[in-house]
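Take 0 as the starting number for the sequence shown in numbering that gives the first Met the number 0 and just add one per residue.
Some clues are possibly wrong.
Unchecked claim - Now the in silico label distances, taken between C-beta atoms and shown as ranges:
| id | residue 1 | residue 2 | range |
| --- | --- | --- | --- |
| 1 | 183 | 293 | 38 to 44 Å |
| 2 | 45 | 276 | 30 to 36 Å |
| 3 | 222 | 24 | 43 to 49 Å |
It should be emphasised that the hints constitute simulated quantities derived from the structure, not laboratory data. Glycine residues also receive a C-beta, built at the ideal position from the N, C-alpha and C atoms.
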Amino acid sequence: MSASVYLRPIGLSSGPQAESTGDGPGAIRLGGSMAYASRFALIVRDGGAVVHRRVFALDDAAEAIGELAEGFSEAGSALSSEAERQWANLRLLHAPLQMGERTVRLDQPQIMGVLNVTPDSFSDGGEFLDKPDIARAHAAAMLEAGAAIIDIGGESTRPGGAATWEGDEIERVIPAVEACAQMGAAISVDTRRAGVLEAALAANGGNGAHMANDVSALRYDPRSLGLVAQAGCPVVLMHAPGPGEDLHENAGYDDVVCDVFDMLKAQRARAIAGGIAEERIILDPGIGFGKSLADNLALLNALPLFHALGSPLMLGASRKRMIGALSNEEPAHDRLGGSLALALRGMDAGVHLVRVHDVAATVQARNVWRGLRDAALTDFSQMPPM
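Using the sequences provided together with the hints, build the complete structure.
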């Protein structure tokens, strides 16, 4: 089948009550999150061109999906089956992530705090490298502020960044992993090298890192997929167009939203075929990696679509260059307002993990956002009698 189908939520709501007419809920819960959708676009693409698009409300889902079987001859049955699968995925409830002794629930947005122990990261390069006391204090402050996970990285993957030798990356990452493990933190390691992940998992007597965050979606190092499968740890698969040293190369898209969706779908299937449990896969559209400002904006506006893949979602847009491009080219350390705007955009779309540098401010924004959602979900005053 050359044609592909995409089931994109386009009408978001504060909750099912807001859309109810008295005959039942008028919206579905996206990926078990606190985001809801009541209107959808069913899109079929063939040869890079959209050949079918139908917008429908919740009550018309079965009809919209069923008509694919009638309208596309031999391919129709496969398209309809795939649409049914995506429709089920949109409503899938995701199990919590078990990370050591910590359980990270995915029924509300969770904040992942960034700890870069690198000399040249775009935002905080050199701030915590070879400064164990400062790095430890920063990690402790993020945990105290409400970070559910600490994401430790020892390589800069910014555009034009120099490649890092695996040995150097291990020397940077392991002390930070050990320090965070002693605090009882849930730890993610931001690496695309199997040797680094292996060392991080084995750190602190085998009680080190708990999650792999691979910006190459396990494509860079041929050992990575097997290692993650054997370890049984959660893994973030991120979209980046470049399979080699330069993650930003080969960045041409026919349609960035559909192309990123297709790539994540393929890498998710590859991971499952390689022995990684489906419930341990998290997907990240890779904002800023081989993408123009227009590409990034398109992806952020289409985030609800990615629930159709059937995995929890992570968004990493904190302090990204696109914020400067939209606001007088402010430097990375002056992009808090834009970072919060993008984090809230992700929460509205039902993203489960939000990866940020400014944990305290983002947790506060999340808590206020959740207060608004809780109020909407418990307000029955506008509902007609059942």
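Determine whether the Cβ-Cβ distance between residue 45 and residue 276 falls within the hinted range of 30 to 36 Å.
holds (33 Å)
Could you tell me whether the CB distance from residue 183 to residue 293 stays inside 38 to 44 Å?
holds (43 Å)
Indicate whether the distance between the beta carbons of residue 222 and residue 24 respects the range 43 to 49 Å.
The hinted range 43 to 49 Å holds for residue 222 and residue 24, with Cβ atoms some 46 Å apart.
This entry satisfies every hint, going by the numbered hints stated previously.
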